[in-house]
Amino acid sequence: MNFSFLSDPRYNLLGAFWNTIQLTLWAAVGSLILGTVLTAMRVSPVPMMRGFATVYVNMVRNIPLTVVIIAMSQVLANGLGVRLASRGEGAAGAQAFLTSQNFRLAVLGLVLYTSTFVSEALRSGINTVPVGQAEAARAIGLKFTQILGIIVLPQAFRAVVAPLGSVLIALTKNTTVASAIGVAEASLLMNTMLENEADKFTAIFIVFALGFVILTLPTGLLFGRIAKKVGVKR
Amino acid sequence: MSKATAVLYDHPGPRARLRNNVLSAVFLVLLALGVWWVIATLEDKGQLRAALWKPFLTSQMWTTYLLPGLWNTLKAALFSVVIALPIGALLGIARLSDHAWIRVPAGVVVEFFRAIPVLILMVFAFGFTVTVLDVADPLYAVVIALVLYNGSVLAEVFRAGILSLPRGQSEASLAIGMTKSQMMQIVLLPQALTAMLPAIVSQLVVVLKDTALGGILIGFVELRRVAGTAASFYKNVVPIYIVIAVIYILLNLALTSLASYLENRARRKRAGRGSGPVEPAPTVEAAQAPGLTDTGRL
Chain V
1 MNFSFLSDPR YNLLGAFWNT IQLTLWAAVG SLILGTVLTA MRVSPVPMMR GFATVYVNMV
61 RNIPLTVVII AMSQVLANGL GVRLASRGEG AAGAQAFLTS QNFRLAVLGL VLYTSTFVSE
121 ALRSGINTVP VGQAEAARAI GLKFTQILGI IVLPQAFRAV VAPLGSVLIA LTKNTTVASA
181 IGVAEASLLM NTMLENEADK FTAIFIVFAL GFVILTLPTG LLFGRIAKKV GVKR
Chain U
1 MSKATAVLYD HPGPRARLRN NVLSAVFLVL LALGVWWVIA TLEDKGQLRA ALWKPFLTSQ
61 MWTTYLLPGL WNTLKAALFS VVIALPIGAL LGIARLSDHA WIRVPAGVVV EFFRAIPVLI
121 LMVFAFGFTV TVLDVADPLY AVVIALVLYN GSVLAEVFRA GILSLPRGQS EASLAIGMTK
181 SQMMQIVLLP QALTAMLPAI VSQLVVVLKD TALGGILIGF VELRRVAGTA ASFYKNVVPI
241 YIVIAVIYIL LNLALTSLAS YLENRARRKR AGRGSGPVEP APTVEAAQAP GLTDTGRL
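First to last, the protein sequences are chains V and U. Residue numbering for the first sequence is 1 to 234, as defined by the working numbering. Residue numbering for the second sequence is 1 to 298, as defined by the working numbering.
Check before you lean on any hint, since a few could be wrong.
Partner residues aside, some chain V positions facing chain U, computed with beta carbon under 10 Å [to be verified]:
(1) 45
(2) 71
(3) 80
(4) 140
(5) 144
(6) 212
I should point out that these hints are in silico values taken from the structure, not numbers from a laboratory. All C-beta atoms, glycine included, are put in the ideal place defined by N, C-alpha and C.
Go ahead and model the full structure; you've got the sequences and the hints to work with.
So this is what it looks like as structure tokens:
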């Protein structure tokens with residue numbers, strides 16, 4: 001098998017995977033925050049917030065990620081004129097603007113989508129906390145925010161480490177969808193390479209498949225180990 | 001709202017009710033401000049003119065764009081699931097084999113295809129079909145990629161389903177002299193299939209959403225892609241994306257409610273047997289809880 005394309009300067013393989021990693025990390029942090037907020041809203045005593053969070057989660061979960069991310073570019077950026085990056089001078093500035101704008105739009109799309117899965121995981125984690133604990137917490141006079149913040153959520157997080165690991169792996173794979181709005185990550189580079197060197201398609205596939213196995217396999221093992229370590233024994 | 005979350009706060013008294021109402025009002029105002037900003041901006045950019053919504057009343061919009069796209073989406077999803085089901089069952093059973101030379105390769109295949117993004121698989125499958133099979137139809141690539149991926153996910157579903165059956169079932173079938181393959185075909189697999197039906201139906205949601213990947217790099221003309229073409233023809237990006245989002249949501253909500261209907265029916269059946277306490281199989285439940293599952297369910 002011919003792997004000569006690996007040393008071809010036209011293909012920035014490491015750069016593409018670095019973009020994949022960056023997309024994953026930013027989107028992971030964002031989804032964890034938004035997902036936690038959504039979960040708190042879903043279990044809160046305020047009916048309006050509960051309703052909003054439930055409708056949001058059930059709607060966004062059912063839209064393909066591709067539609068979500070392209071809508072970020074077509075509807076949010078082009079239709080509504082939202083800018084997530086500052087425009088520079090000249091042609092180079094315009095190019096830099098497009099690159100960072102598309103990257104941020106992709107991250108935003110990934111966050112809006114992934115947070116619904118984080119929220120579902122966390123909510124199932126809340127259900128693993130015995131009811132008696134919340135009752136006891138209320139009995140000693142803790143308020144809703146205290147019960148959720150001090151007693152329930154910390155245990156819920158520990159219970160859902162493994163599912164959150166699965167969400168993170170899925171997120172890593174989902175970053176490939178950012179190629180739909182031209183973010184230079186792994187799948188876009190793979191597509192370009194296949195167009196140029198159609199005869200080496202198996203070798204190219206193996207390289208990219210291995211890249212993702214290297215990214216996702218340790219994540220799964222790591223989260224499995226953490227889950228065992230921090231899981232609450234009941 | 002489950003019991004566990006309802007217990008997080010007390011039944012609201014007069015003060016709590018007042019506070020909740022105030023918070024509700026504040027939240028509503030913030031939400032209304034957000035919606036107002038969106039509508040005002042859309043109005044400002046001329047995206048809300050009635051003319052932009054008119055095309056949806058013409059037959060051309062539907063017969064030329066949306067319906068063919070939707071048909072391709074449904075076709076790809078259906079083909080993928082129908083082909084992936086037997087492959088998934090085979091792989092799932094192979095992973096439970098007593099022979100390492102069957103078990104280990106099956107495990108490697110399943111783990112490998114679950115670890116790589118479907119889009120990468122699709123791009124590869126497109127290169128493969130064009131170069132090796134000399135077929136330039138992206139439908140093939142979409143179906144191949146979705147079959148490989150969902151076959152692996154379904155293999156895990158089947159494995160969990162078979163493992164969730166009481167051990168007495170296989171012991172009894174061996175005791176009355178069945179061979180292992182008879183036991184699998186006559187006793188275990190039919191039960192696993194019924195127990196897994198809800199999970200399989202909800203996997204359809206994933207497949208349906210993933211068909212949209214075919215429109216990005218390999219030019220599969222599915223619903224999202226025709227929406228893009230239609231949007232550049234009618235110059236009404238925002239309305240079209242709203243319409244296709246609604247179509248996807250309705251389709252998937254229908255599938256989700258079918259899955260939970262099947263699940264309730266299965267639970268009633270289990271309860272109806274009336275022999276001892278009803279214990280829902282833990283692995284089955286885990287496989288169905290959204291978000292609690294494998295890498296596959298996003």
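### Task
Hint by hint, work out which the structure violates, then give me just those numbers in ascending order.
Going through the list in order, the structure violates hint 4 alone and respects the others.
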